[in-house]
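Chains as they are written, first to last, in the working numbering: chain B, 3 to 120; chain U, 4 to 603.
It is worth saying that the hints were derived from the structure and are not from the lab.
Bear in mind that the values here come from a model prediction, so they are computed numbers and not experimental data.
Glycine included, C-beta positions come from ideal geometry on N, C-alpha and C.
There are no misleading hints in this set.
A few chain B positions that, by computed beta-carbon distances, are all more than 10 Å from chain U:
| hint | residue |
| --- | --- |
| 1 | Pro40 |
| 2 | Glu42 |
| 3 | Glu43 |
| 4 | Gln56 |
| 5 | Gln59 |
| 6 | Arg62 |
| 7 | Ala95 |
Calculated pairs, DSBU-like style, for lysine-lysine (alpha carbon to alpha carbon, straight line, at most 30 Å):
| hint | chain 1 | residue 1 | chain 2 | residue 2 |
| --- | --- | --- | --- | --- |
| 8 | B | Lys113 | U | Lys514 |
| 9 | B | Lys90 | U | Lys502 |
| 10 | U | Lys493 | B | Lys28 |
| 11 | B | Lys31 | U | Lys493 |
| 12 | U | Lys179 | B | Lys113 |
| 13 | U | Lys469 | B | Lys113 |
| 14 | B | Lys113 | U | Lys178 |
| 15 | U | Lys588 | U | Lys463 |
| 16 | U | Lys151 | B | Lys28 |
| 17 | U | Lys469 | B | Lys90 |
| 18 | B | Lys113 | U | Lys493 |
| 19 | U | Lys484 | B | Lys113 |
Pairwise CB distance ranges, derived in the manner of DEER restraints:
| hint | chain 1 | residue 1 | chain 2 | residue 2 | range |
| --- | --- | --- | --- | --- | --- |
| 20 | U | Phe486 | B | Met98 | 26 to 36 Å |
| 21 | B | Gly85 | U | Ile147 | 41 to 51 Å |
| 22 | B | Gly38 | U | Lys125 | 31 to 41 Å |
| 23 | U | Glu479 | B | Gly85 | 32 to 42 Å |
| 24 | U | Ser225 | B | Lys28 | 43 to 53 Å |
Given next are the chains, with one letter for each unit.
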Amino acid sequence: MRSYDQIRPTIFIYYDDYHMIQIPIKKVKEGLEEEGVPWEEKQIKGNAQYLAKQAAQDSRLGIGIGLLSDGTCLLQHRRMPMGNPIMKVLAGADTMENYRVLGSNAARLAKNMPLKWF
Amino acid sequence: MLVAGVDIGNNTIEVALAKVEENSTVFISSGIAATTGVKGTPSNITGIRMALEDALRKASIDMRSLDLIRLNEATPVISDMAMETITETIITESTMIGHNPSTPGGRGLGVGKTTLIFHLDKVKSGEKVIAIVPRNVDFEDAAIIINKAVSSGVRVEGAVVQKDDGVLISNRLKKKIPIVDEVAYIDKVPIGMPAAVEVAEQGYTIKTLSNPYGIATVFELSPEETKNIVPVARALIGNRSAVVIRTPAGDVQERRIPAGSMVLYGEKGRTSVDLDEGAKEVMEELQRIYPLQDAQGTSGTNVGGLLAKIRSTMAELTGQKPEAIKIQDILAVDTLVQQKVKGGLANEFFAEDAVGLAAMVKSSRLPMEKVAKKVKEELSVPVHIAGVEANMAINGALTTPGTAKPLAVLDLGGGSVDAAFLTDDGKIKTVHMAGAGDMVNMLMGAELGITDKMLLEDIKCNPLAKVESLFSIRLEDHTVKFFDSPLDPKIYARVILLKDDGMIPLPGDMKLERIRTVRRETKEKVFVTNALRALEQVAPAGNIRLLDFVVLLGGSALDFEIPEMISDALANYGVVAGRGNIRGKEGPRNAVATGLVLSE
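My request is simple: use the sequences and hints to build the entire structure.
Now the structure itself:
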């Protein structure tokens with residue numbers, strides 16, 4: 003258990019296999035960085051919905067991103083129902099830029115700014 | 004006897020259905036439908052039938068039981084409007100970029116020669132440059148190239164980037180420089196020219212490039228050149244980031260378009276007024292010579308074209324020659340128009356001055372007999388044309404609980420604001436003013452930069468809110484409303500319209516406060532101005548203070564704020580004004596239809 007002052011308000015990114023998702027996660031982080039919102043990442047087991055929901059639950063901002071090894075990526079909010087993510091990029095996405103848009107939107111959710119849609 | 008009063012208006016046809024006996028009239032139901040075709044033409048028959056059926060259905064009565072239809076003698080007033088901008092901003096040879104990307108990179112001011120990022124390796128050591136980074140360069144490569152150039156002695160002072168990469172590049176640079184990103188037309192940036200890039204701290208706006216002496220210092224300008232740069236500085240005020248490029252012939256001009264002058268012919272003489280002097284001057288001159296008999300614009304100028312356009316529209320509607328059309332009222336309103344800057348590099352918009360004009364024409368009597376004949380044939384019900392619209396409106400308005408003679412009514416419509424005054428001894432005076440609901444839409448559209456007519460109507464008629472979280476919205480009055488289920492993420496953090504059938508997000512990133520201000524100011528400029536002008540014409544001795552009661556009627560009286568604005572303005576004159584409630588239950592609608600049933 004981390005002590006209180008160590009918990010930063012950040013967006014959490016949970017994935018199940020780091021080696022499979024290197025390009026998507028790089029793009030997601032670019033989106034977050036351009037918007038200037040900090041994040042933390044961790045590897046855990048589960049399906050995409052669980053990864054995203056758990057990340058959102060654990061994040062102090064209540065915003066989580068779940069990234070599955072097949073490329074499925076979900077953006078979740080702590081108060082949204084499990085089966086109802088805010089945004090998703092499906093496996094085999096048309097363009098890698100969609101992951102960056104998802105990253106930007108995670109940050110915009112935290113900054114209270116309108117989201118972008120592809 | 005079963006009687007239906009039918010009122011054909013510009014936008015709606017209203018019906019009042021009643022059983023009329025020897026000495027009692029019992030109202031049964033009312034109906035409403037959209038006006039089909041132009042008011043007073045035989046194509047109205049479809050709308051009349053629909054409105055009648057609406058009323059009959061509510062009362063479960065068959066069309067054949069109807070004994071009489073009373074039509075109003077529709078006031079042949081048609082109004083039209085137009086708008087012209089009188090200033091124009093042109094950027095020649097791309098001298099500046101002034102826009103607000105949400106996330107520019109770095110801080111401060113950088114000055115140097117614009118240089119494409121591919122050519123940084125050819126720049127001599129010690130030279131100051133501004134790097135230009137087009138879309139096809141990845142942010143990591145851009146950072147590497149700039150870092151390399153800096154380490155070999157090139158002084159990269161700032162960067163202009165096409166993609167939304169400002170922060171990403173900035174975070175990877177060894178030496179921090181100001182970076183302006185999201186510049187759409189980066190290919191138009193001239194290369195090899197002295198330029199300045201400025202990015203302000205978050206929460207601040209730029210200081211140097213929005214100040215003419217700041218620009219003069221940066222580029223070592225002469226006093227004469229400094230004078231020319233003023234529009235650039237002015238255009239950049241309020242931005243968080245900006246780029247100014249000094250090209251030999253480059254310039255930002257604010258051009259005043261000669262708007263032309265208008266000649267007003269009135270009963271008390273004629274006068275000429277320059278539209279450049281603004282709407283206030285036009286209205287004052289109009290007041291001086293009122294009542295207006297005709298207005299002409301200098302041909303070949305904006306105002307000439309404007310009045311000619313109105314005239315030809317009217318001619319077409321009434322089947323008269325354009326020369327025979329006499330403009331009998333105008334309303335001029337100063338406004339701002341959001342216009343894309345000619346020659347801008349990042350989709351810059353400036354607010355240009357403009358004048359909106361509504362004009363009203365009294366044509367010869369509308370061919371109501373034709374309409375009556377057509378209705379008789381199609382519905383096989385006897386039809387009467389029963390009296391002037393304003394008189395009927397007063398008759399109807401008097402069914403509002405709490406009203407008595409002498410009484411004034413204000414009919415707030417789509418095209419015009421009409422007033423009628425009924426004296427103690429039963430005399431009625433009426434007047435029609437140009438400009439109403441449709442003009443509000445036009446002015447709001449121009450000022451907010453919205454062209455979608457449906458959306459404008461929605462903005463006019465519905466309050467705003469801002470989505471603050473996935474579960475709550477903040478309303479115009481700053482109260483917060485919570486929801487049990489999550490809102491659509493598509494409307495997250497957006498300004499929305501609260502309609503009965505849901506929340507409509509507004510396009511762009513307009514601020515709620517601004518939309519609200521524009522909406523309210525526009526309504527004031529049109530409806531309050533016209534309400535006062537109209538009442539002055541009909542009031543005894545032209546003095547609004549001598550009126551006791553004013554009843555507001557018509558579709559725009561249903562608006563959620565216009566009646567309050569007018570009541571507020573009239574309260575200053577000690578006049579009781581309020582939304583009518585026809586027959587104690589119909590609200591401000593159905594006055595003329597009700598008056599028709601009661602007439603005889």
